Each structure stands twice: as structure tokens, then as C-alpha cells.
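Undergrad: Respectively, the protein sequence lines represent chains W and C. Our numbering numbers the first residue of the first sequence as -9 and each following residue consecutively. Our numbering numbers the first residue of the second sequence as -9 and each following residue consecutively.
Think of the hints as simulated: they come from the structure by calculation, not from any bench. Being a predicted model, the structure only gives us computed values, none of them experimental. It cannot be assumed that every hint is accurate.
Simulated pairs of lysine-lysine, DSSO-like, Cα-Cα distance not exceeding 27 Å [what the hints assert, rightly or not]: (1) K326(C) - K234(W); (2) K334(C) - K234(W); (3) K220(W) - K326(C); (4) K244(C) - K304(W); (5) K220(C) - K190(C); (6) K115(C) - K326(W); (7) K334(C) - K171(W); (8) K94(C) - K105(C); (9) K234(C) - K326(W); (10) K50(W) - K115(W); (11) K221(C) - K304(W); (12) K115(W) - K304(W); (13) K190(C) - K145(C); (14) K115(C) - K234(W); (15) K244(W) - K304(C); (16) K234(W) - K220(W); (17) K53(W) - K105(W); (18) K234(W) - K220(C); (19) K220(C) - K234(C); (20) K221(W) - K304(C); (21) K94(W) - K94(C); (22) K86(W) - K50(W); (23) K220(W) - K145(C); (24) K326(W) - K326(C); (25) K234(W) - K304(C); (26) K304(W) - K220(C); (27) K190(W) - K234(W); (28) K94(C) - K334(W); (29) K221(W) - K326(C); (30) K334(C) - K244(W); (31) K326(C) - K334(W); (32) K234(C) - K334(W); (33) K234(W) - K234(C); (34) K304(C) - K326(W); (35) K50(C) - K145(C); (36) K304(W) - K234(C); (37) K334(W) - K334(C); (38) K220(W) - K234(C).
Protein chains: 2
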Amino acid sequence: MKPSSILSFQKLNESIRSFLVNLQLKFKTKRYPTFRAFTMSKLVIVGTVAFDAIETPFGKTDKILGGAATYIGLSAAQFDTDSAIVSVVGGDFLQKDLDMMAGKGMNLEGLEIVKEGKSFFWSGKYHNDMNSRDTLATELNVLETFNPVVPEAYKDAEVVMLGNLHPMVQMGVIEQMNNPKLVVLDTMNFWMDVALDDLKKVIAKVDVITINDEEARQLSGEYSLVTAAKKIMTMGPQYVVIKKGEHGALLFYKDQMFFAPALPLAEVFDPTGAGDTFAGGFTGYLANTEDYSFNNMKRAIIYGSCLASFAVEKFGTERMESLTRIEVDQRLHQFKSLTQYDIKLN
Amino acid sequence: MKPSSILSFQKLNESIRSFLVNLQLKFKTKRYPTFRAFTMSKLVIVGTVAFDAIETPFGKTDKILGGAATYIGLSAAQFDTDSAIVSVVGGDFLQKDLDMMAGKGMNLEGLEIVKEGKSFFWSGKYHNDMNSRDTLATELNVLETFNPVVPEAYKDAEVVMLGNLHPMVQMGVIEQMNNPKLVVLDTMNFWMDVALDDLKKVIAKVDVITINDEEARQLSGEYSLVTAAKKIMTMGPQYVVIKKGEHGALLFYKDQMFFAPALPLAEVFDPTGAGDTFAGGFTGYLANTEDYSFNNMKRAIIYGSCLASFAVEKFGTERMESLTRIEVDQRLHQFKSLTQYDIKLN
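Please put together the full structure from these sequences, using the hints given.
TA: Below, the structure is given as C-alpha cells:
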């Protein structure tokens, strides 16, 4: 299937959806809950769609499919949401990867294809402990002049997931949206080093920020994650999610905290994309449930952690591409038995 | 109160207890559950009772009360258990510290006082991240010739907590016990380096081992904690507890896993004794409840984590000495809200 045919297929899809939405609006009463399934919540996903070359103690890959938006989209695809990818690739990008993404239900209307350009390329090598890595190559290519365009039909999406990109690009997406209910921002230390002022402007606009522990410390200047989260909340976000890799994730909201562990695994094959997969599960679940309360965010954190535990089991996106809902449900049971206990409190 | 008067007070206590136990045995029917309170479960605690001098980014101390058995005992004292300390101190040990320990209900009959000797002394300096430290001084003193003697009245204790000491000393205690129901071993990398064969003999005799993540890796030769725990189980223990400091603790049993986070704190003042406090809460709770099932071990892990979160709030044993059951209960509520969620599983 060519990109053009994917796009027209998506437009057809879109028309069917609009028809069903209108139908649902017409008949929206508590008697017709089944119509809910046809009007999936919209999720806008911004981030890189790219090639990665990865080396871990278990082996190495040539250029394979990668990128933040790719992992986020694959993870969010586990939920009944209508996700649109806003990104850019070059003419070297593979048709089979576009087909796979479209096949997972991702709308690719906002994925610009610059025929004469090359896709963003990242190459990295993980150390033996899998917790640290060296970046071997970063070729921005088409990303250098990327001007994100949110498809018209997705400007009213309730949830926006801003994957790791230049803060100005992230801001450009926020400005195109019509009053979304939840904007989630992922970023990294690199942008704190080179574009802190721009980053702070975006942080002021979002509801949730997801960063790792070291980045939370860098951004806040505080060592304690509790104090760091409180300080970051004063910059804008109501919710702060601190990702600690194999040590789990913390969710902060006002004076409340929630913690989800990472599932301890016998083998971590390739950590690439784990954070993005977490973010995709988190936002996919929230978009699907349309409930942005603290209690539902807890569930979203558990889903995010659960999905991230799959991402690391194989190289690149391989595991996420084959992942089924049954496997996700089984692993949720594992998470429950890992974390739940029964204590009588006084 | 002089040690001699403490001991005679303890003997009086012991007589009263024996009388009540006999009384209970005589009248043991379901009609008299209140007698249970008088026959507290016995817990034998082996480990150092010592002086520490600690330096952290928040300040430094002169010689203050420290030692594994001290922290374990203070933590176990939060439960209605009859704990006996098996250890040794020198003539320089302070009466006020003996009084405090006895006042917390610790039986000190097995705490040998070598009048002409000096107490074990450890001095350390924590780095800024509080996760690593340099040992500045280790003076074994009376510990060099320590020959542990379990008091006669405690040889039938159900639970034995073997704090970090030379494996031969730990073995010496196991050999004096009359068939305890649960033996828990704490150890450290130092004994793996200098006395691995002796350590393996002790490990083969215990039900639970508690070690930190790096030690689990060293002992098993496996990087993955899941694989490491499985391998350690083949050495003897049915249960493996891996302590990850600020990243929480993992409990492994057969193919099951349980995880408890450490409570994220705004300020960690002094991490000394946190692991021992965890072990004291873990064994104190198990001795108190006399239930050694996996489900009850989960609760014990939560209690251990909860108590350890207090230990680090002040220098040395200060916080544990002032800790009340009401504060523990309040913090258990915090643990519950930190970890509990409600997800519908398919």
C-alpha cells in the first residue's frame, strides 16, 4: 500500500467515524452505550519516527525502525484510541514500516514525508548494566527543518502526547490544538542544556511532565525527588511523572504520591524506547478512558509500566509489533501480584 | 539501672512470663484468647552492638550508639515480641544505652560485656547522593573474640535474625537453637570476599536471606536480579529478599515475586542502619504474627520498608528511639496510598 492509498484509506475511515460520531450525538442517551466503541477518543502523538542502530551485550542491529512517536504509537495502539502521528521522515523510510503503523490504527496524515530528505537516525551502544549508553551517532536530517502540522480532524483531540523533541516544535503543536483536556510532555536533559528557556515555556503549558530522575534533579536543582517534583509543579504541570527505569516510576500530584515498579525481568534485551512505550501506555489508557483524575492516572502508570516491560524483551519495536491484548492482560496480573498486599490498617 | 539489676529484672519478667505461659497452657481454649498477649513470641537477634561515627552532607556525629543488632532490636520493638540480643560490647559501652535497650523490651542476657575490652567501632562518610559511602574506620575490638551465647530461655525462639557478622558466628547461633521455624540471614559483600565457604554453609541452613542488589549479583554471578534470586534459592533459602535502598525491596519465593518501594522522602538525613531496621521490622512482624506464609512475608516486607523510612530521618538511632506505634500506623497509610491501585483485570 502506498502512502497515498494509506491516506485515502484513512480519510475514508475518518468519514465513517464522523458519520458514526454524528449518529452517536443524535442518539446519545444512556440506552446506547455500545455506540461508544465507534467514537474512539483522539490522541495526538508528536515525536520522532526514525531509524535506530542499536548495540547491546546481546547483539547489534543495522538500521531498524525507531523513534519516540513510533514507540508511543505502538504502545497506545493497545487501547481503543484514534491516534494520529505528527512527525517527519525522509524518502529512505520504508513502506513496510508505514504499512505496519497504519495497520496498528495510527493515522499518518500528519506524518510528513520529505522525499529528497533522509530520516532521523540515532545509533547507540548500551553498557553491560543496560542502565547507561553511549550515543554513537545522531543525524537530525529531515528533523532539522521539521514544521509539525496537526491534521484538521485531530485538532479537537482530548489528549496530546508531546514526545521528546525540540521544545519549540512541541510548542508549535500545542498552539494548533483546540483546548485539549490533557497535554503530556516528555523531554530530556539535552533540551535543558541547550534550550532551557524554550523548554520552560512549554512546561508552563502542560498538565503532565514525564522525565527521568536525573532530569528531574537537573530541572529543579533539587536532589530529593519529592522536593524536585514539588518545584517542577510550580513551573506549570499539575502532575509530575518521574521515570526511574528498572526502578519504576513515581507519580506526583499535589501532596500525593504513587509508585509503580518496573516488572523485574530475567532478561532485558534492549532498553531502547522503554520510556516512550511507557508514555504511550500512559496516554493511550487516559485517552481511552477519558478520565483524568489522580486515581485513573495511577492505573495509567501501571499500564505504562506494564507495556514498557514488553518493549525491552526484544530489539527495537519487534516485541511491541507482535504484542497482543491477551499478553498485556496476563502481565497486568503479574503486576498485581507483584505489588498488591493486604494489611489491616489502624 | 545497672546491668545486674536489668538482668534480675529480666529474670523476674521471665518468671512472670513462664507462669503466664503455664497458665495459658493449662487454660488453652478458644475462650481465653486474651492470654495470647502475655505469651509473646520470642525473637533472637544476633549482630553488632557498637559505636558509630557518621558524617553526611547534613553534619557529623561523635561516637554514637550503633550496630546491626541495635537497629534490628529497636525496629522489632515496635511489635509485641520478646526479643533477645546476642552480642558483645566493651567496658566503654554506656549504661544509658543499655537502659534504653532494656527499656524497649530487649532481653540483654545474651549481651556479653567485656569490661576490659572496647566496643566495636565503625566510622563512615556518606557521599552527596547518600547512596554510597566510604568507611573511615573499622575497629573490631571485642568482636574479634566474640563467642555468641544464646540465653537458655531463648533457645526455643521461633524466629532468629542473624544480623551481619562473620558467618561462623552466625552458624554458632544456629547450632544453639532448638529447631526454630524461621531463620533469617543478613550478610554483606565483605564476607563473600573473605569467607565465602563459611558463608555458603550458613546460607544452606537459613530460610530467608536479605542482601542488597550488588551483593545478590556477586553471590550468584548473575546480573538480572530475577535470575540471581533463583540461583541463590538453590543454595538453601526458600525466600530471597533483595534490598535496593531508596529503590525498595524485592521478595522472591519459588516463581513468585513481591515488591515494596521505599517511601520517597523529602530529606534523607543518615542512611546508617536502614537495612538493619528493615530486617528488624521484617522479623519483628513475622515473630509477632507467627505466620511464615508468602502472603504474610509480603506484609512483613511492607512493615520493614515502613520502619526503615523512619530510621533515615535523623542521625543514628535517634528517630527509632522516639518512634511511636501511632506514627508507624500513619506511615503505613502513606505506604498504602503510595502503592495501591484498583484495576479491573480480564
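Undergrad: Which numbered conditions among the earlier hints are violated in the structure presented, ordered from lowest to highest?
TA: Result: hints 6, 21, 23, 34, 35 break, sorted rising.
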